[in-house]
Amino acid sequence: MSTTYERTIRFADVDGAGFLFFANYLVLCHEAYEASLLGAGIELRKFFGENRLLIPIMKVQAQYLGPLQSGDRARIELTATAVGDNAFGLSYRIVHLGATEKLVGIARTDHTAIDIQTLERKALPANFAAWLKSAGPAATAP
Numbered sequence: 001m002s003t004t005y006e007r008t009i010r011f012a013d014v015d016g017a018g019f020l021f022f023a024n025y026l027v028l029c030h031e032a033y034e035a036s037l038l039g040a041g042i043e044l045r046k047f048f049g050e051n052r053l054l055i056p057i058m059k060v061q062a063q064y065l066g067p068l069q070s071g072d073r074a075r076i077e078l079t080a081t082a083v084g085d086n087a088f089g090l091s092y093r094i095v096h097l098g099a100t101e102k103l104v105g106i107a108r109t110d111h112t113a114i115d116i117q118t119l120e121r122k123a124l125p126a127n128f129a130a131w132l133k134s135a136g137p138a139a140t141a142p
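One point on numbering: in the working numbering, the residue at position 108 of the sequence shown is 108, and numbering is uninterrupted.
Source of the hints: derived by calculation from the structure; they are not laboratory data.
This structure is a prediction, so every number in the text was calculated from the model and none was measured.
Please note that the accuracy of each hint is not assured.
[Said to hold, decoys possible] Cβ-Cβ distance ranges computed for the label pairs, FRET-style: (1) Ala17 <-> Ala99: 18 to 24 Å; (2) Leu119 <-> Ala62: 23 to 29 Å; (3) Gly98 <-> Leu119: 41 to 47 Å; (4) Ala17 <-> Ala129: 40 to 46 Å; (5) Thr100 <-> Arg45: 23 to 29 Å; (6) Ser134 <-> Pro56: 21 to 27 Å.
[Said to hold, decoys possible] In the SDA-like style, the derived pairs of lysine to any residue whose C-alpha atoms are separated by at most 25 Å in a straight line are: (7) Lys133 <-> Phe47; (8) Lys133 <-> Ala62; (9) Lys59 <-> Ser2; (10) Lys59 <-> Leu37; (11) Lys122 <-> Lys133; (12) Lys133 <-> Ala40; (13) Lys102 <-> Phe47; (14) Lys122 <-> Ile57; (15) Lys59 <-> Asn127.
Think of the CB as a built atom: it goes at the ideal place given N, C-alpha and C, for glycine as much as any other residue.
With the hints as constraints, model all of the structure from the sequences given.
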């Protein structure tokens, strides 16, 4: 089951031409990621402090399919996929919520967990692994 996040595009989000600045599509995605974690009871500052790990992005891909402007509403749909015990991918669909819904962007970020001191890969804590499972694709019937 994917999770969703909605927000209004702000004037500060757009470029000189009045359209969402390309890098801000990824900002929306990261906001959706953080909101999903918070919704699962994972407060980031506490989480990283207690677990002594980092979860950097190793790879990012984005495709821009349509514009967003200041005042537009957008929904970001996030789906998580675990890759072993220390890595995961997040897939995003960015949807313009106008008179009709229109897909305006897709993105993917790949992450890995590493120990904050040794920088070696480290298993994700149980609560994070549980969030990954809950934000993953819906199970299909056999």
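Each hint tested on the structure:
no.: 1; hint: Ala17 <-> Ala99: 18 to 24 Å; result: 22 Å, holds
no.: 2; hint: Leu119 <-> Ala62: 23 to 29 Å; result: 27 Å, holds
no.: 3; hint: Gly98 <-> Leu119: 41 to 47 Å; result: 45 Å, holds
no.: 4; hint: Ala17 <-> Ala129: 40 to 46 Å; result: 42 Å, holds
no.: 5; hint: Thr100 <-> Arg45: 23 to 29 Å; result: 39 Å, violated
no.: 6; hint: Ser134 <-> Pro56: 21 to 27 Å; result: 22 Å, holds
no.: 7; hint: Lys133 <-> Phe47; result: 18 Å, holds
no.: 8; hint: Lys133 <-> Ala62; result: 23 Å, holds
no.: 9; hint: Lys59 <-> Ser2; result: 21 Å, holds
no.: 10; hint: Lys59 <-> Leu37; result: 20 Å, holds
no.: 11; hint: Lys122 <-> Lys133; result: 18 Å, holds
no.: 12; hint: Lys133 <-> Ala40; result: 11 Å, holds
no.: 13; hint: Lys102 <-> Phe47; result: 35 Å, violated
no.: 14; hint: Lys122 <-> Ile57; result: 15 Å, holds
no.: 15; hint: Lys59 <-> Asn127; result: 24 Å, holds
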